[in-house]
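Undergrad: Heads up: the sequence lines are chains R and A, in that order.
Residue numbering for the first sequence follows the working numbering, beginning at 1144 and increasing consecutively.
Residue numbering for the second sequence follows the working numbering, beginning at -15 and increasing consecutively.
Just so you know, the hints here were simulated from the structure itself, not pulled from any lab data.
One or more of the hints may lead you astray.
[Claimed, not checked] Here are the simulated DSS-like cross-link-like pairs (lysine-lysine), alpha carbons at most 25 Å apart as the crow flies: (1) A:27 x R:1164; (2) R:1229 x R:1166; (3) A:122 x R:1166; (4) R:1166 x R:1248; (5) R:1164 x A:13; (6) A:27 x R:1229; (7) R:1229 x A:13; (8) A:101 x R:1166.
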Amino acid sequence: MTVHELAEALHLETIVEADGKRKIDGCYIGDLLSWVMGRAQSGNVWITIMSNINIVAVASLADVSCIILAEGVTVEENVRAVAEAKGVNLLASERTAYELAASLKDLIE
Amino acid sequence: MSEAVVTLHFSVDGEDFTSAGQASVQVKKSLRQLGISPEIIRKVSIAMYEGEINMVIHAGGGEADVLIYEDHIEIRLDDHGPGIANIEMAMQEGWSTAPDNIRSLGFGAGMGLPNMKRYTDEMKINSVLGEGTHIVMKVNL
Ligand SMILES: Nc1ncnc2c1ncn2[C@@H]1O[C@H](COP(=O)(O)OP(=O)(O)OP(=O)(O)O)[C@@H](O)[C@H]1O
Ligand SMILES: [Mg+2]
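Sequences and hints are given; from them, build the entire structure.
TA: This is the structure in structure tokens:
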């Protein structure tokens, strides 16, 4: 499944679709950046409520397929701009991390 | 030892949180252009990012060098920050002196140094209190 298909299937808000064709592979949930760096796998969907600028570099370097901001969290304009510049897919939802992950599991397993 | 094929140098700004991680993002880009494999790029990117962020948060900035050799990549980080009092303790997962304002940004889990060790094949830390910290990491190609 691609990031674009994921966004449609889970009715996510698309903040940045830098590479909608990127394949998703598994999921990691967390807000502490070094945990994400150390534990997320390449291609994972990263669900978080952390919304500051540093999530963009973490997503890019850990090579996750996309970020989903859960619980209706919003980002400032500069975060959107940097995500676009760095080619990071950035999605958002009103739903909780648990609800998103449960729906994701139904989709990919 | 043979000469490095490519060398990259970065000054890491200690003030600016909004651009933190920029050197690492640039390294990732350069490694990709050199045709290095995605797994190696990911290891180097993660190790370098953790080291770069540590220099920003804990040491007021510093210098980063990445040297690419025929058979390995070396990451050198040098700062003139406060130094690390107890390296063994600092290497433990969960140990952190990050202040609350830094923690609210998602840093301070005490996982950075352990990640650097995990994602590299060799890591050496030299730190002198009041003088600074020097870290050398190697990733085999
Ligand atoms: N370059 C440095 N200069 C001075 N102290 C450092 C430096 N790097 C690390 N430290 C010390 O070692 C501790 C552990 O570092 P580590 O990167 O593992 O965790 P952290 O930076 O506190 O949190 P995290 O990396 O999970 O966001 C730091 O809290 C700090 O006290
Ligand atoms: Mg750290």
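Undergrad: If a hint holds in the structure, say so; if it does not, say that too.
TA: Now for the hints, and whether the structure bears them out:
1. A:27 x R:1164: holds, 24 Å
2. R:1229 x R:1166: holds, 18 Å
3. A:122 x R:1166: Judged against 25 Å, a Cα distance of about 30 Å means the pair is violated.
4. R:1166 x R:1248: holds, 15 Å
5. R:1164 x A:13: The given pair, whose Cα atoms are some 20 Å apart, holds under the 25 Å limit.
6. A:27 x R:1229: holds, 19 Å
7. R:1229 x A:13: Distance of about 10 Å is within 25 Å: holds.
8. A:101 x R:1166: violated, 29 Å
The structure fails to meet hints 3, 8 from the earlier list, while all remaining hints are met.
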